[in-house]
Amino acid sequence: MTAQRWVCLRQIVQYLFLALFLYLFILTAKDRWSPLPVELFYRLDPLVAISASLAGRTIPARLLWALVTLVATLILGRVWCGWVCPMGTLLDLLRFRRARSKAIQVPFRWRQVRYFLLFVVLIGALLANLTLLVLDPITILTRTLATGVMPALNYAVTAVEFWLYGFGPLQTPLAWLDTVLRSTVLPAEQSFYQLNLLLALFFTGIVGLNLVTDRFWCRYLCPLGALLGLLSKVSWLRRVVGPGCNQCRRCSRDCPTGTIEPERGFASDPGECIVCLTCLDTCPQESVAFKGQWGLAEWRSYDPSRRQLLASLATSVGGLALLRTAPIARREHPYAIRPPGARENNMLARCIRCGECMRVCPTSGLQPGLFESGVEGLWTPVLVPRLGYCDYSCHACGQVCPSGAIPPLTLEDKRRTVIGLAYIDQNRCLPWADNVDCIVCEEMCPVPAKAIRLEKARVLNDQGEVVTVQRPHVVRDLCIGCGICEYKCPLNGQAAIRVHVPNEPVP
Amino acid sequence: MREINRREFVKSLVALGATALSAGGLLAQAACSPGPGSEEPGGLVRKPSPGPAAGQAYLAVARGGSPAEITHRAVAALGGIERFVRPGDDVIIKPNICVAYHTWEYAATTNPEVVATLVSLCLGAGARRVRVMDYPFGGSAGAAYERSGIAQAVTAAGGLMEQMAKMKYRKTPIPAGRDLKEWPIYQDVLEADVLINVPIAKHHNLARLTLGMKNLLGVVLDRSQYHRHLGQRLADLTSLVYPTLTVVDAVRILVDHGPTGGSLDDVKQLDTVIASHDPVAADAYATTLFGLTGADIAYIKAAAEMGLGEMDLSHLKIEEIQA
Numbered sequence: 093m094t095a096q097r098w099v100c101l102r103q104i105v106q107y108l109f110l111a112l113f114l115y116l117f118i119l120t121a122k123d124r125w126s127p128l129p130v131e132l133f134y135r136l137d138p139l140v141a142i143s144a145s146l147a148g149r150t151i152p153a154r155l156l157w158a159l160v161t162l163v164a165t166l167i168l169g170r171v172w173c174g175w176v177c178p179m180g181t182l183l184d185l186l187r188f189r190r191a192r193s194k195a196i197q198v199p200f201r202w203r204q205v206r207y208f209l210l211f212v213v214l215i216g217a218l219l220a221n222l223t224l225l226v227l228d229p230i231t232i233l234t235r236t237l238a239t240g241v242m243p244a245l246n247y248a249v250t251a252v253e254f255w256l257y258g259f260g261p262l263q264t265p266l267a268w269l270d271t272v273l274r275s276t277v278l279p280a281e282q283s284f285y286q287l288n289l290l291l292a293l294f295f296t297g298i299v300g301l302n303l304v305t306d307r308f309w310c311r312y313l314c315p316l317g318a319l320l321g322l323l324s325k326v327s328w329l330r331r332v333v334g335p336g337c338n339q340c341r342r343c344s345r346d347c348p349t350g351t352i353e354p355e356r357g358f359a360s361d362p363g364e365c366i367v368c369l370t371c372l373d374t375c376p377q378e379s380v381a382f383k384g385q386w387g388l389a390e391w392r393s394y395d396p397s398r399r400q401l402l403a404s405l406a407t408s409v410g411g412l413a414l415l416r417t418a419p420i421a422r423r424e425h426p427y428a429i430r431p432p433g434a435r436e437n438n439m440l441a442r443c444i445r446c447g448e449c450m451r452v453c454p455t456s457g458l459q460p461g462l463f464e465s466g467v468e469g470l471w472t473p474v475l476v477p478r479l480g481y482c483d484y485s486c487h488a489c490g491q492v493c494p495s496g497a498i499p500p501l502t503l504e505d506k507r508r509t510v511i512g513l514a515y516i517d518q519n520r521c522l523p524w525a526d527n528v529d530c531i532v533c534e535e536m537c538p539v540p541a542k543a544i545r546l547e548k549a550r551v552l553n554d555q556g557e558v559v560t561v562q563r564p565h566v567v568r569d570l571c572i573g574c575g576i577c578e579y580k581c582p583l584n585g586q587a588a589i590r591v592h593v594p595n596e597p598v599p
Numbered sequence: 041m042r043e044i045n046r047r048e049f050v051k052s053l054v055a056l057g058a059t060a061l062s063a064g065g066l067l068a069q070a071a072c073s074p075g076p077g078s079e080e081p082g083g084l085v086r087k088p089s090p091g092p093a094a095g096q097a098y099l100a101v102a103r104g105g106s107p108a109e110i111t112h113r114a115v116a117a118l119g120g121i122e123r124f125v126r127p128g129d130d131v132i133i134k135p136n137i138c139v140a141y142h143t144w145e146y147a148a149t150t151n152p153e154v155v156a157t158l159v160s161l162c163l164g165a166g167a168r169r170v171r172v173m174d175y176p177f178g179g180s181a182g183a184a185y186e187r188s189g190i191a192q193a194v195t196a197a198g199g200l201m202e203q204m205a206k207m208k209y210r211k212t213p214i215p216a217g218r219d220l221k222e223w224p225i226y227q228d229v230l231e232a233d234v235l236i237n238v239p240i241a242k243h244h245n246l247a248r249l250t251l252g253m254k255n256l257l258g259v260v261l262d263r264s265q266y267h268r269h270l271g272q273r274l275a276d277l278t279s280l281v282y283p284t285l286t287v288v289d290a291v292r293i294l295v296d297h298g299p300t301g302g303s304l305d306d307v308k309q310l311d312t313v314i315a316s317h318d319p320v321a322a323d324a325y326a327t328t329l330f331g332l333t334g335a336d337i338a339y340i341k342a343a344a345e346m347g348l349g350e351m352d353l354s355h356l357k358i359e360e361i362q363a
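Residue numbers (the working numbering), protein chains in the order written: chain A, 93 to 599; chain B, 41 to 363.
By construction, these hints were calculated from the structure, which means they are not laboratory data. Watch out, some of these pointers could steer you wrong.
Only some residues are given here: those of chain B computed to face chain A with a beta carbon under 7 Å [what the hints assert, rightly or not]:
| no. | residue |
| --- | --- |
| 1 | 179 |
| 2 | 245 |
| 3 | 246 |
| 4 | 265 |
| 5 | 300 |
| 6 | 302 |
We put the beta carbon where it would ideally sit given N, CA and C, even for glycine.
Sequences and hints are given; from them, build the entire structure.
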């Protein structure tokens, strides 16, 4: 096979994996048979597998698939980064080479940053913390797509549809198109995610760094790339430069990771090389080859050092000690409502921040949390009932969770799992405060015996008439905290009934 | 070179799309510019329902047999489905599929056999298409259609389940409305030739009972806001979304903890179906199954006052059928 064909093959594989990622992402929210696990990329992600196992003190069976990636890396090097990772593919597609300022030269030592991040992640995981998995590329992509891209896309399509529907002859084709779109790609309901702009900016920032240099994220920041880079130091497949090299510098110019150094005889570092094979194609002398050989690659100045390890240890330990002495550690945030079963499941030490539960939640009630459990719980799922309730007929979050942070409850068990307790604000509730009829919360309550009861009261209304109103009460022993009462409360702004964290401390 | 090509490609694609879109828009605008006598799209009013046929029942009640049989018998007693459905008609059937929580045995959603029977009847009468739809308040429409058993039954009978699309809710004036003058309403139920309302009779703490007129709430948006002055507002809605035929499913009724239910202890099996062209009379009769009268229900009273139908059953020709 010619070098050009190899590069072409790699690109096809990249696009196929990107397409597969998007396909599974869309399928996650559609209740439909899938040929592969919808959370496939998380299963294959070794950073997720290692840190989740360390933090949760168990090895989640689903994450054993990551061994495939580890073995592939030990043989072939960072092929994950060059051939598989959807984030890498996107960064290859959005290179902005023409818009790039040539003046910026990033020093080699910046490559240390990603090793530092990797160690902070792994040491944090040893201490039962997974916060920095928000920097795993797959979690970034899922989160951005779920909370930003899909809702915005759905909004735009719905708005255009609504506008075009005003033109009579378009109604029939539009109705057909809408049915097709909603059954394949788009959700049935518009979702609204808190922090969507921030999350979108986070991703845009990573893409924007491509203005500095190719795959800036992969070179300097990605902790998963760091993990695979360390393994690649001993990988079998190595790039070798033959005697035909005439120092034309094309390979070092075109290398997307910038690891081909003219000063070192155009050698590259297997810890940096993503096996994209561009150099194979670009060399006019056909003097580059990839050959098998075992052994430890040369340790470079930017590779991890003992000093760096100590610095990350200090950061992890010090940072966590600070986080765990923040006021939020003293008493729970009143509205830190977790997905069913997660609270009892030591969620903070198990949640890999992947965003699959938020993606699958049909009401988009599961939201990326910010301060509900302090900074440590950044972007872990929190039910925000004003945005969406926990559907009594759904238990999807526990089914897709790759790490077991949300247990895979049966629908029957999930219906009995208390995630919070509703409290009525009698100062605002229509029947309580205004003597006006409203039983929406009771009507909506899905518990068969109704966790909201109505008490008839004879009261004077604003017109001075004696009327009978029905006032809602929550039956605390029946309430499961699903939040549909809060979601549907007709008051504007804050609901007059709110779900709080359960009172019982977690055993 | 490659990048310039790609860029140009994208540019021409955008230009092409914009041209097509604006051309399509202009065409569409030209095609539906209001000519003389043409109606504003927002000013739809449903076709009037045929009144009682001479010699036939005003209201029919069938009891005792299978859901399919009593549905057949009740409709037959009104003079047959052909009185309501003409060949080529576009039919919408609106059952109550309010939640995705339980199967039909729990009586929170309309009996699938009753719905499927009506689908078959309409197709048998030559209907061009029969669509079945509701907008659940708990859980997604897809899940609710499946769990209620209605999706399977309707599809088997040759009907189409439609998930109600947001773009079809348009702000619509309610000319006869007393409390509400306009509200976003699903356009297809106004445009369809035939609208068959198939509520299940069940308990509801604000309305007291959920029957036919309450079931029409499934075709409006912003339902939580709709609950103030619910009685009058439901009557206002009925004045606009006037069903061609109402078939009340009382095969199994929910007597407590409605409208969501979930316990078989709250379900009473009556094996009864009520049918009438008059939505007020059908609802008024259904109240008697709960030991009430039409006057006990605010929306029935309001609708009768507006002249939308008969609340007083004493002078109506009612045919009771024992299957």
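Here is how each hint holds up against the structure:
no., hint, in the structure
1, 179, "holds, 4 Å"
2, 245, "holds, 5 Å"
3, 246, "holds, 4 Å"
4, 265, "holds, 5 Å"
5, 300, "holds, 5 Å"
6, 302, "holds, 3 Å"
Going through the hint list in order, the structure satisfies each hint without exception.
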